[in-house]
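Enquirer: Based on these hints, arrange chain B on the given structure of chain A.
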Amino acid sequence: MSPPLIELTIDGGKVSVPEGTTVFDAARLNSIRIPTLCHQQNEIPVGVCRVCVVDVGGRVLTASCVRPVESGMVVSTASDKVRNARRTLVELLMSDHPSPCARQQQSGDCELEVLARAEGVEKPRFARRATSRGRDDSSVAIAVDHDACILCDRCIRGCDDIRHNDVLGRMGKGYRTGIAFDQNLPMGNSSCVSCGECMISCPTGALTNKFHVGTSLRTGEPASPETLHELPVFAGVSGTFLELNRGAIVVRHFRAGEIICREGEFGSTAFYMIDGRAQVSINTQMGHVKTEGGARGFLSKLSSRLARGAEDHRDEESARRTIPIDGPADLPLEKPVAELGPADLFGEMTCMSFYPRSATVRAVIDVTALEMLRNVLDILQRNKNFRGQIEENYRRRALDSHLRSVPVFSGLTTSFIDHLRDKVDLVRYSPGQLICRQGEPADSFYLVRIGFVKVWQAHPGGEMIFAYLGRGGYFGEIGLLGGGLRTASCTALDHVEVVRIAAEDFHLMLEKFPEIRSSLQTVATDRQRENRERLAFVESTPLQDFLAQGLMEAQSLLILDLERCTRCDACVRACADAHDGVTRLIREGLRFDKYLVATSCRQCRDPLCMVGCPVGSIRRRNSLEVIIEDWCIGCGLCAKNCPYGNINMHPFPVQIADADSPGRTRAIMKQKATSCDLCTEHAEPSCVYACPHDAAHRVDPRKFFGALLAQSKRD
Amino acid sequence: MLLDRTQRQWMIATAILLVIATAIYIPYALNSPQGPRGGSAIGLSFGIAGFALMIFAGLLGARKKVPVWRVGRAQTWMRGHLWLGLVSLPIILFHAGFHMRGTLTMVLMILFFIVVASGVFGAALQIYIPRRITVEVPMETIYEQIGHIRAQLREEAEQLATAACGSLDGTIVIGAAPGGDASASAVGVGVEVSEDARDLLREFYLRRMRPFVEDPARSHSPLGDSPQASGMFEELRLRLPVELHDTLKDLESICEEERQLTCQARLHRVLHAWLLVHVPLSYALLALAAVHAVMALRF
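Top to bottom, those sequences are chains A and B. In this note's numbering, each number is its position in the first sequence, counted from 1, plus 3. In this note's numbering, each number is its position in the second sequence, counted from 1, plus 2.
It is worth saying that the hints were derived from the structure and are not from the lab. Check before you lean on any hint, since a few could be wrong.
What the hints assert, rightly or not - Computed spacing ranges between beta-carbons, pair by pair:
id	chain 1	residue 1	chain 2	residue 2	range
1	B	Arg239	A	Gly487	55 to 65 Å
2	A	Gly442	B	Arg268	51 to 61 Å
3	A	Pro656	B	Ala153	27 to 37 Å
Said to hold, decoys possible - Cross-link-like lysine-lysine pairs, in silico, DSS-like; alpha carbons within 27 Å at most:
id	chain 1	residue 1	chain 2	residue 2
4	A	Lys426	A	Lys387
5	A	Lys643	A	Lys673
6	A	Lys338	A	Lys673
7	A	Lys426	A	Lys515
8	A	Lys293	B	Lys67
9	B	Lys66	A	Lys293
10	A	Lys387	A	Lys213
11	A	Lys706	B	Lys66
12	A	Lys293	A	Lys338
Stated by the list, open to error - So the derived list for chain B, only partly shown, Cβ under 10 Å to chain A, looks like this:
id	residue
13	Leu61
14	Arg65
15	Val70
16	Leu127
17	Ile131
18	Arg133
19	Thr136
20	Val137
21	Pro140
None of these values were measured; they are calculated from a predicted model. The C-beta atom is built at its ideal place from N, Cα and C for all residues, glycine as well.
Isolated chain A, as found in the complex (with noise of 0.2 Å):
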């Protein structure tokens, strides 16, 4: 049964409407619009904005959204009186709104702009906003500006109402007041889906799509939302947001023995195997740069060349038996190459944290693949369909190699593993996010399966960082063997996915598997030792100022005397003469007192040069000393990370297959990154050697600035 018709009058005429319809729904009926801001019609109406006020004849006006219509109302839509409290209103909302807003910029289409403009508002008459409520730029696909938030509830409505993800709210009172993702948290690290519905809901600029991350890939057939709907692992994937970022995914083919992606390329789209099978192998020309000659005689001159682990064993080579990649396997040592399948997913660390390629992978049979970009991989890796089937391939194929891989494990067994594979859990951390806090109880044990793991200790002066833990690295055993409480405090440094063991399975690990107890104990008593004497050596440092220059993190320093210098240049000249003609020291740097730390490899105790190594090819010695691994793959991003400038590339001429001449090969050049091997063929380095001016000199910071800084602190 329908219910019964009301009649009203709507600006002078008679409208009839089912009892229960609001003001506003009654005038749209019939033709008549009544701007609005916080109303839409696929959503309960909640009446914040105001903007949508009508005259009832009551003592005030009223919101004609929420309010439902009574028999015998005479309504007015369009009064001075209606049109002066909507302007003001409007104007009041202006003040506060950045005018020309994101989307505003983007389409021009800002409901709140164009209402004021309709409304003749130019210039608010009431005074801006003191304070700005920010902006979160920390989900990959979508931008959310505070300040352009109007707080009408749609986003929030249309996150619990509509798509029931219940991630949206509202947080703070007055002024403070905005929308808030779960807990508060920014956007990219709460349990946002990125299904996009908040973003088609607002009405102004607060939340916009991030068309700068790239919406459109260039090569491949763009892949409609229907297309990829059909593929299982998108089931459950937003329509409306695959629509929004059509062209940021693509389906590429791919020939039997095309290449797909390069070693050591920069990129910025990561691959879902369709179907065909495709090679990933590091071509790289396996060794580590060697200067030698100036042991063969004083006029023999030093060069330096690709030598091998296994003909030039250098101390504390590598356990290592595989090498890490970006792809679902890491890679033999001995033979560096895998295959790839339908479902494997490649390029993660590259599309995410714009690591270089850590590998080639060339098609064997002809291939179908889906490329993206950043926004799709962020989206589909929130999709739990999608999850499920990355997770399940994880454990299906590279559990036992990714355990394998790391020296400590390397004794479990299949059965062993065959029990974790459904026990472990892949866990997703954004850049920023913390993993586990100090002083908590342990519960996990980590692997690190992609990113980079920041491990670190709070203290009075700072955050005081023990180690970067890349692909391979572990944390957690010491809070698990020890007292129970974790020691440090562990952080995503980029996108970051761990595979944790949760405790229980750890210490039946542990219970069958005795060897693996004991290295693991001497790993964790390795580890409390250095970090025990690394906060010693800082707490026993005096000048605040030694630290902040990083002196501190050296182990050796190549210190110039600029009272004895003469800016002659000669050091660098030497040391390019040392290493065929690539200098590897550079006479400017951090100036301590009348020293100049000439930028040359301090061997520092908080390496950053290591932190995103697509290969793992980059790591220290115990004595501190950097040390880079034969299958270094050139891509130079260990040189740009290195704060002080002191890693080189150095150029080999290689031989490769000559793709025009099938049979033949051709020279190209590649690059071995390297840093200063302080000359380890002579007594003492060449910059040292060649000063004429006694300025140049080697020294241990702590002892050479120690006295020194025993006088300023004395002084």
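Expert: Just chain B, lined up with the frame of chain A:
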């Protein structure tokens, strides 16, 4: 390079060498019937010894060309060059008997004096100038990079001035003052500056600062002098609203860096300019000395 206690051994060795040479020369000069001559046995010995020392001193340049050859530390070579080169002068004078006979020997002697004098002068500069650079140029950079850094500073100054004043040629820059009207310029978020203040800063920049940053050495601007520049900026700070003080501070820093780079370039040129005299004349001296030796021995 410093003449400190680390040079003591060289100093003593040089003094001993000089004393021995003098001890030989005085009786030889007093007892020679025709006076000391280069062609006599002792005179020839002094000549050979002096020429050998000159050659050793001249080899420093060659040593520097092969810095990684393990043929002795460059520091040792430099000290040898300095002290043995210095002692070669009295030995050659002993060889010549303090006379200049003939055009060639006269030219040789003049060259020798110039080379030694320029060397001593250079050594003095190498003691004095590095200290001055260290003290006066805390923002010292690599000399070859000065031009590049200046270009960056010019660009930075233009950007700062444009951000604070709008267009520097007087027209309004679209987007320079978001949300503001034509008579105001946004300096920071939500901060607006009056037209008068903007004009004052613009005039200062165009008339004073831009010519200075474009050519600090030739502009003869008061900004080239630290106290005067400080006074000018202090006066501007009093006349301009507080919203512009950060911009002023940045512009003042740019002027300071320009002054330091100018100072560094000047001192660097002074520090190395003497080599333009010392090095070519040294080679000329060695060549002529060789000619002199051949001619004297043959004819």
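Enquirer: Out of the numbered hints, which ones does the structure contradict?
Expert: 11, 13
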